[in-house]
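*Asks:* Now for the letters of each chain:
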Amino acid sequence: KAGVTQTPRYLIKTRGQQVTLSCSPISGHRSVSWYQQTPGQGLQFLFEYFSETQRNKGNFPGRFSGRQFSNSRSEMNVSTLELGDSALYLCASSLDPSGYEQFFGPGTRLTVL
Amino acid sequence: AQSVTQLDSQVPVFEEAPVELRCNYSSSVSVYLFWYVQYPNQGLQLLLKYLSGSTLVESINGFEAEFNKSQTSFHLRKPSVHISDTAEYFCAVTPMNRDDKIIFGKGTRLHILP
Numbered sequence: 568k569a570g571v572t573q574t575p576r577y578l579i580k581t582r583g584q585q586v587t588l589s590c591s592p593i594s595g596h597r598s599v600s601w602y603q604q605t606p607g608q609g610l611q612f613l614f615e616y617f618s619e620t621q622r623n624k625g626n627f628p629g630r631f632s633g634r635q636f637s638n639s640r641s642e643m644n645v646s647t648l649e650l651g652d653s654a655l656y657l658c659a660s661s662l663d664p665s666g667y668e669q670f671f672g673p674g675t676r677l678t679v680l
Numbered sequence: 032a033q034s035v036t037q038l039d040s041q042v043p044v045f046e047e048a049p050v051e052l053r054c055n056y057s058s059s060v061s062v063y064l065f066w067y068v069q070y071p072n073q074g075l076q077l078l079l080k081y082l083s084g085s086t087l088v089e090s091i092n093g094f095e096a097e098f099n100k101s102q103t104s105f106h107l108r109k110p111s112v113h114i115s116d117t118a119e120y121f122c123a124v125t126p127m128n129r130d131d132k133i134i135f136g137k138g139t140r141l142h143i144l145p
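In order, the protein sequence lines correspond to chains Z and C. Under our numbering, the residue at position 110 of the first sequence is numbered 677, and the numbers go up by one with no gaps. Under our numbering, the residue at position 48 of the second sequence is numbered 79, and the numbers go up by one with no gaps.
These are computed hints drawn from the structure, not numbers from a lab. On a predicted model such as this, the values are computed, not experimentally measured, just so you know. Virtual Cβ for every residue (Gly too), placed ideally from N, Cα, C. Hints are supplied without guarantee of correctness; some may be wrong.
Calculated pairs, PhoX-like style, for lysine-lysine (alpha carbon to alpha carbon, straight line, at most 25 angstroms) [said to hold, decoys possible]:
1) Z:Lys624 to C:Lys137
2) C:Lys100 to C:Lys132
3) C:Lys132 to Z:Lys624
Sample of chain C residues facing chain Z (criterion: CB under 7 angstroms; computed from the structure) [as the list claims (entries may be wrong)]:
4) Tyr63
5) Tyr70
6) Gln73
7) Gly74
8) Leu75
9) Leu77
10) Thr125
11) Lys132
12) Lys137
13) Gly138
Simulated DEER-style distance windows between Cβ atoms [unchecked claim]:
14) C:Leu144 to Z:Gln608: 38 to 44 angstroms
15) Z:Arg676 to C:Thr117: 16 to 22 angstroms
16) C:Ser34 to Z:Gln621: 19 to 25 angstroms
17) Z:Ser637 to C:Glu95: 40 to 46 angstroms
18) Z:Arg622 to C:Asp39: 46 to 52 angstroms
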């Protein structure tokens, strides 16, 4: 069974631009969560989607948004990029919100110049 | 709400020596506990989990963790580390009713010294 895939793996953008990251969960998994990982803050929860609905949201500004499609694939968007948005963005999938184990993708490394 | 504290941001240890990575949690409800490992340039992988039953849980690569409810701890141990254990380790907690998201600690970077 294929694991969680994230595209692209690496991305370089400049301040003010916007970016869209993609995540394909494990087949059959319907819940997708997004995290931002930085050396100073560790893993910070962005949001969780289940059945195309946002189920939980972390403490991030409205520039960070996401969505989930009917095939459970998910995208997250960051608009008006800031230098501080440079991070590893991780996607994780689980069977459903009651699934306690999350399976992580390799992440997308975003660098904002 | 839940919180997780990993008391050490970095732990250096000599190869073949024992190691303990500490994790304490806070929660007003019963929780599931996890340790995840992140090898360089990779995503997180589940190392082991405590759901119920025996308070001592083991992984396939020699790590073990013990759930201590009275001390609200879930420390990770290995009796003899190998260079391949170099990674960052994250303790995590989620409420059993899964009404809230999983919470991760800030991570402990394990450095294996030759």
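*Asks:* Are there hints from earlier that the structure breaks, and if so, what are their numbers?
*Replies:* 5, 14, 18
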